[in-house]
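**Student:** So the sequence lines, in the order shown, correspond to chains A and B. For the first sequence, counting from 1, position 25 maps to 153 in the working numbering; every step adds exactly one. For the second sequence, counting from 1, position 44 maps to 172 in the working numbering; every step adds exactly one.
It should be emphasised that the hints constitute simulated quantities derived from the structure, not laboratory data. Among the hints, a few may not be true.
[Unchecked claim] Derived EDC-like pairs (lysine to aspartate or glutamate); straight-line CA-CA distance at most 16 angstroms: (1) Lys-226(B) <-> Glu-190(A); (2) Lys-225(B) <-> Asp-131(A); (3) Lys-225(B) <-> Asp-146(B); (4) Lys-225(A) <-> Asp-176(B); (5) Lys-225(A) <-> Asp-178(A); (6) Lys-226(A) <-> Glu-190(B); (7) Lys-226(A) <-> Glu-212(B); (8) Lys-226(B) <-> Asp-146(B); (9) Lys-225(A) <-> Asp-131(A); (10) Lys-225(A) <-> Asp-131(B); (11) Lys-225(B) <-> Glu-190(B); (12) Lys-226(B) <-> Glu-191(A); (13) Lys-225(B) <-> Glu-201(A).
2 protein chains.
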Amino acid sequence: MVDREGCIAVIFMSRLRDPAPGYAETAERMVELASSMPGFIGIRSMRDADGSGITISWWRSEEDIAHWREHPEHLEAQRRGQEEWYESWHIEICHVKKAQSFPP
Amino acid sequence: MVDREGCIAVIFMSRLRDPAPGYAETAERMVELASSMPGFIGIRSMRDADGSGITISWWRSEEDIAHWREHPEHLEAQRRGQEEWYESWHIEICHVKKAQSFPP
Chain A
129 MVDREGCIAV IFMSRLRDPA PGYAETAERM VELASSMPGF IGIRSMRDAD
179 GSGITISWWR SEEDIAHWRE HPEHLEAQRR GQEEWYESWH IEICHVKKAQ
229 SFPP
Chain B
129 MVDREGCIAV IFMSRLRDPA PGYAETAERM VELASSMPGF IGIRSMRDAD
179 GSGITISWWR SEEDIAHWRE HPEHLEAQRR GQEEWYESWH IEICHVKKAQ
229 SFPP
């Protein structure tokens, strides 16, 4: 486990519309693309059967997140998310102050 | 949606052993108990069929989190978690710098 103290965590919580055609493919592509961006550290995603989801991604700096936010393919995915897929979303940009793991 | 800028988010990621008898009842009780603590703002939890889970709780201050961490019933749940339920866990204490929602 990378020591994540000092990193930036982006918490993204959403609820999908039902149906949300094309969402799954795009989400998969965005994980692939984000993983190739400078400053990307990791990502963890979970979605309930009711369409609620949590995705947390970790980045080296807010500047790296700004670059990712403005990637053309990501901008297009954000536009489609807003117009076609998400009923609602909430995002938080967080500074990781302490981290601990078990087993250590 | 409460404006969470300036709050502390606790990201707790875990993997349960299989089986984990008594875990579900204790988890439910801990949500109830945490919700009654000073400085508690909210909690969001999700668990996959494979036993992986993410719980995020939001607090007013690190001091409030310290009180919650030391609550006797919570200490006992932490002990059992370590000894009986969790295969692994990772926790991060984060300062929420920016938050945004849709619909606004």
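**Student:** Would you list, in rising numerical order, the hints stated earlier that this structure does not obey?
**Tutor:** Hints 2, 3, 4, 5, 7, 8, 10 and 13 not satisfied by this model.
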